[in-house]
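Asker: Input sequences plus hints: build the corresponding full structure.
If you want the building blocks of each chain, they are given just below.
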Amino acid sequence: MATTTTDTAQTSPDGQSSPGNRPSDRLTPDDYRELLKQLYLARYFDVRLIKEKKRGRLRGTLYSSHNQEAILVGSLYGLEPMDWISPIHRDMPAFFLKDFRSGWDNPDRMGMTIEEVCSQVWGKATSPGRARDNWSHIGSKSKRIIHSTSMLAGTIPAAAGVVLADRLNGLNTVAVTYNGEGSTAQGVFHEAINFAAVEKLPVVTIIENNQWAYGTPTHYEYPLEDFARRADGYGIPGLVADGQDVIDVYNKVMQAVEHARSGNGPSIVECKTFRAYGHGDHDDDRAEKYRPAEEVEKGRKRDPLHVMKARMIEMGILTQEEADKHPAEGKGASEVTDADFPPEVSEYLSRGVNFAVKAPLPDETEGAMWVFKEGE
Amino acid sequence: MAVAVTPDTKKNYLTALKEAIAEEMARNPDMICMGEDIGALGGAFGVTDGLIAQYGRERVYDMPISEAAIVGTACGLCLNGKTVMVEMQFIDFISCGFDQIVNMTATYHYRTAGEVNIPMVIRGPAGAYGGGALYHSQMNEAWFANSPGLKIICPSTPYDAKGLMKAALRDPNPVIVYEIKDLYRKREIEEVLPEEDYVVPLGKAKVVQEGDDVTIVTYGQNVYHALGAAEKLKEEGFSAEVIDIRTIVPLDEDTIVESLKKTNRLVVVNEAPRTCGFAGELLSRMTERAFEYLDAPPVRITRMDTPVPWVKPLELYVLPSVAKITEAALKVCRY
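Read top to bottom, the protein sequences are chains A and B. According to our numbering, the first sequence holds residues 1 to 376 in order. According to our numbering, the second sequence holds residues 1 to 335 in order.
These are calculated hints, taken from the structure and not from any lab test. Note that this is a predicted model, so its numbers are computed, not measured. Don't be surprised by glycine CBs; every beta carbon is placed ideally from N, CA and C. Mixed in with the good hints, there may be bad ones.
Stated by the list, open to error - To spell it out: a stretch of chain A is covered by chain B in this simulated footprint if at least three of its residues, at any positions, have a beta carbon under 8 angstroms from a beta carbon of chain B; those stretches are: (1) 128-140; (2) 152-162; (3) 184-192.
Answerer: See below:
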C-alpha cells in the first residue's frame with residue numbers, strides 16, 4: 001500500500017502543509033483526545049454490528065469501515081455545523097459523527113443521533129428514512145446530509161446543487177462528498193466535478209482509496225499512481241493524504257475546505273487506505289479469491305488507532321499506559337471485546353442499539369406512501 | 001414580457017411556453033433555469049430567449065454537455081429549497097441523465113418518507129414527423145411512466161402549453177414535459193391566450209371534440225391526426241369523440257371511462273413504439289375499468305417497434321397517420 005503523504009506539488013492549494021502552517025497546529029490536546037475517542041467509536045460501531053449480526057439480532061449486509069475510520073473522523077472534525085456531507089455505504093459512522101464536536105448528545109447538533117442511525121441499521125420506523133431504503137441510504141435535509149443511493153458518485157452533482165443554493169442565499173458553506181476509488185470511473189463523477197470546477201463551487205471530493213472496488217484492484221480502474229492527479233484535468237487542487245493518519249486527513253481536508261470556503265472552488269483529496277475485510281460482510285469469506293492473504297495482512301498493519309496513539313505519545317499528550325488501556329487496534333471483530341474500548345464509547349453505542357432493537361417496524365401500508373407530494 | 005402584444009394577438013405554442021417560463025421566473029424568486037445553450041443563445045429553439053439578460057448567471061445557467069450533472073445539480077438545488085427548470089436540448093438526450101432522474105430525483109420524496117420533495121421541471125422538444133431521425137424524434141415517456149415519482153405532461157395547444165407548464169413549475173414534484181417541437185411554430189394552432197394568470201391542472205384530460213360512435217384517445221401531435229381521422233369518419237357516417245389526455249402521469253381515467261359509456265368503442269393512438277408504450281397502458285386500464293361498456297375490441301395505433309427513421313417515406317411508414325387511425329376506427333365502428 002502506498003502511504004505517501006506528499007501533496008501533488010503542482011496542484012496544491014494555497015497554504016502548504018509546512019510545520020507551523022498546518023490546520024492541525026490549531027488543535028489542542030483535548031482535540032487530539034476527542035479525535036482518538038471518535039476513532040474508537042467508529043471502530044466500535046463496526047465491530048459491534050458484526051457481533052450483533054452473528055448473534056442473530058440484525059439482518060442485512062454490513063459494509064465495514066474497519067481500518068478506514070481516520071478518513072471519516074479526520075475529514076468531519078473541522079467542518080462547520082452548516083456544511084453538507086454526502087456519505088456512501090462504507091461511511092456509516094459519518095451520519096452520527098457529523099458536527100460531533102458540538103457535543104455527542106447535543107440535541108441541536110447538525111448530525112444524526114445514535115438512536116436514529118441504529119434505527120436505520122435495524123430497519124425500524126424511528127429511522128430518519130422510516131426504513132424505506134437500506135443501510136446508508138438515509139440523509140437529512142435539516143441536518144444537511146445528502147441522501148445516498150446505490151449509484152456511486154451519483155450524489156456529487158447534488159452536492160454541487162446544495163452549495164450553489166446556499167451561495168445564492170448568501171450562505172458560505174462547503175459540501176464534502178465521500179467516494180470509493182471505484183466510483184471515480186463513473187461518468188457522473190467527471191460531469192459533476194467538471195461543473196463544480198467551472199462554477200468554482202465549494203465541493204470537496206474525498207476519495208477513500210482502499211485499493212479494492214469490490215473484487216477489482218485499482219490498476220483495472222485507472223492508470224495512475226496517485227488518483228489525485230486527475231484533478232489537474234479539472235484545473236483544481238488534488239491532494240494525497242495518508243488515510244491511516246487522522247491528523248494528515250484533517251490537514252489535507254481542511255486545506256481543501258478552506259480553499260473552497262474562500263471561494264476558490266473544488267478539490268479532490270485522495271486518502272490512501274486499505275479495505276480490511278470484504279466488500280460487504282456477505283463476501284468476507286470469499287475475499288481471498290481475489291485478494292492474497294499477505295496483501296490483506298500488510299494492508300491492515302497500520303491501524304489508524306495505533307497511528308494516532310503513536311502520534312499522541314510522541315507529542316507527550318498520551319502515556320504508553322493510557323494507550324494500552326484499551327487495546328482495540330489490530331484486532332478483528334471476533335477478537336475484540338468491549339473492554340478494548342473506552343466505556344463511554346461502548347455505552348454510547350449500546351444506547352443506540354438498545355433503542356433500535358426495541359423500536360417498532362413501520363406500518364406495512366407505508367410501503368405505498370410518499371410516491372408524490374400532495375399539491376399545495 | 002419583452003415584446004409588447006395586443007390582447008387579441010394570436011400566439012404560437014413556443015411563445016406560450018416562453019411566456020409560462022418567464023412569468024414563473026418573475027413570480028418565483030427561487031426559480032432557476034439550467035440547460036445547454038439556454039443563456040445568450042436562448043436555447044436551441046429560443047424558449048429561454050431573454051432570460052439571461054433579465055436574470056443573469058445567478059438564475060440562468062448555460063451548462064456543459066452533461067445531462068447527468070445538470071439533472072443532479074438541479075436535484076441538489078431543489079433539495080435545498082430552489083425550483084429548477086431543466087431544459088433538455090432534445091428530449092432524446094434525456095437518456096444521458098436517466099439515472100439522475102429515475103434513481104435520484106424520482107425517488108427522493110419516497111425514500112425520505114416525505115422529508116424532501118423535488119420541485120423540478122425537465123422539459124424539452126419531443127416527437128417525430130419532422131425528419132429529425134433517430135435521435136431528434138423520440139417520445140420516450142414510457143420509460144418515465146414506469147418510474148414511480150415522476151409526473152409527465154404533453155401539451156398539444158398553446159393554451160395548454162402555457163397552463164400546463166405553469167402548473168408543472170408550481171408542482172412540488174418532478175415533472176417531465178414533452179413539448180411537441182413540430183407544433184412550436186405551427187400557424188394553424190395559434191390562439192389568443194388569456195391576459196391574466198392561469199394554470200391548466202395536471203391530471204385532467206380534455207375532450208377536444210365530442211362524438212357518439214367511437215372514442216379516440218391520444219396526446220401530442222396525434223391529437224391533430226385524430227381530428228383528421230374524425231373528419232374522414234364523418235364522411236363515412238360515424239362521429240368520433242377525441243380525447244387529449246394532456247397528462248400521462250397521473251392519468252385522468254374518469255374522462256375516458258365517461259366517454260366510453262357513451263361511445264362504447266375505443267381507439268388509442270400514440271407515436272411511441274408499440275411494445276410497452278403508453279398506448280398499451282391506456283388499453284389495459286380501459287379494459288379493466290370499462291370492459292362492460294365496450295361493444296368492440298379496443299385497438300391501438302402506434303409507431304411500429306422501430307426507431308424513427310430519417311427520410312420522409314420511411315418515417316411516415318412507421319408512424320401513426322390519419323389514414324391508419326381512420327382505417328382502425330372504421331373497423332372498430334363496424335365491428
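Asker: So which of those numbered hints doesn't the model satisfy?
Answerer: none
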